[in-house]
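S.K.: Generate the whole structure from the sequences, applying the supplied hints.
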Amino acid sequence: AQTVTQSQPEMSVQEAETVTLSCTYDTSESDYYLFWYKQPPSRQMILVIRQEAYKQQNATENRFSVNFQKAAKSFSLKISDSQLGDAAMYFCAYRDLSGGSNYKLTFGKGTLLTVNP
Amino acid sequence: DVKVTQSSRYLVKRTGEKVFLECVQDMDHENMFWYRQDPGLGLRLIYFSYDVKMKEKGDIPEGYSVSREKKERFSLILESASTNQTSMYLCAVYRDRGTEAFFGQGTRLTVV
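Chains as they are written, first to last, in this note's numbering: chain R, 6 to 122; chain Z, 123 to 234.
Hints were generated in silico from the structure; no laboratory data involved.
A hint or two may mislead.
Result set (DSS-like, lysine-lysine): computed pairs, CA atoms no more than 30 angstroms apart in a straight line [claimed, not checked]:
#1 Z:K125 to R:K83
#2 R:K78 to Z:K179
#3 Z:K177 to R:K114
#4 Z:K179 to R:K114
#5 Z:K125 to R:K114
#6 R:K78 to R:K114
#7 R:K114 to Z:K135
#8 Z:K179 to Z:K193
#9 Z:K140 to Z:K192
#10 Z:K140 to R:K114
M.R.: And the structure:
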């Protein structure tokens with residue numbers, strides 16, 4: 006079974022600084038998606054960024070970028086120029102592409118990010 | 123984007139009650155999921171459905187059942203609520219061959 010590990014239960018960053026959240030995963034599949042989701046206090050899960058495993062280029066979305074190391078099974082999220090609105094719980098998630106009922110997401114335990122003014 | 127609506131944001135029920143949590147989507151997506159979220163444990167999959175009347179157990183199905191009579195609605199049922207089912211429940215929806223899951227706003231259930 007696939008597993009996703011986030012080793013940092015909590016992180017903090019100063020406003021305007023850069024922070025990196027770590028995620029490792031375990032799978033025997035070669036084709037899959039990886040995601041970072043953000044959950045602010047409103048509880049609404051928001052997709053931050055997505056990476057397809059077959060793509061070597063790291064995904065970026067404005068201030069958010071990933072460092073995807075397929076061989077090491079590592080998928081970290083870098084937030085640049087941190088803003089107060091970035092404060093949230095961040096979840097790393099995995100989904101393989103073997104089809105059928107395998108649209109389910111497997112989540113890590115989350116990292117609570119605090120942004121200090 | 124898909125709109126996913128969960129029937130309640132907050133719910134308080136008594137031990138032994140039968141509890142229904144409803145999730146409704148406004149699109150025609152095939153795959154619907156119920157997750158449970160607890161501090162320090164992340165999101166854990168309870169049940170999912172990939173078509174009407176189809177269901178599969180997730181990682182923690184004990185004490186729960188589900189119903190999907192119509193494509194847009196996926197219900198989570200606690201047959202006899204217990205205090206260890208106090209948690210946040212999240213519904214998610216996925217289109218076949220889709221790349222993004224859409225979530226409801228969550229139901230925080232307290233069983234007393």
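S.K.: Are the hints correct? Go through all of them and say.
M.R.: Status of each hint after checking the structure:
1. Z:K125 to R:K83: OK: Z:K125 and R:K83 at ~29 angstroms, within 30 angstroms.
2. R:K78 to Z:K179: Roughly 27 angstroms between the alpha carbons, so the hint for R:K78 and Z:K179 holds.
3. Z:K177 to R:K114: 25 angstroms, holds
4. Z:K179 to R:K114: 20 angstroms, holds
5. Z:K125 to R:K114: Roughly 25 angstroms between the alpha carbons, so the hint for Z:K125 and R:K114 holds.
6. R:K78 to R:K114: Satisfied, since the Cα-Cα distance of roughly 17 angstroms is no more than 30 angstroms.
7. R:K114 to Z:K135: Given pair R:K114, Z:K135 holds - Cα atoms ~27 angstroms apart, limit 30 angstroms.
8. Z:K179 to Z:K193: Holds, at about 18 angstroms.
9. Z:K140 to Z:K192: 21 angstroms, holds
10. Z:K140 to R:K114: With a Cα-Cα distance of about 29 angstroms, the restraint between Z:K140 and R:K114 holds, given a limit of 30 angstroms.
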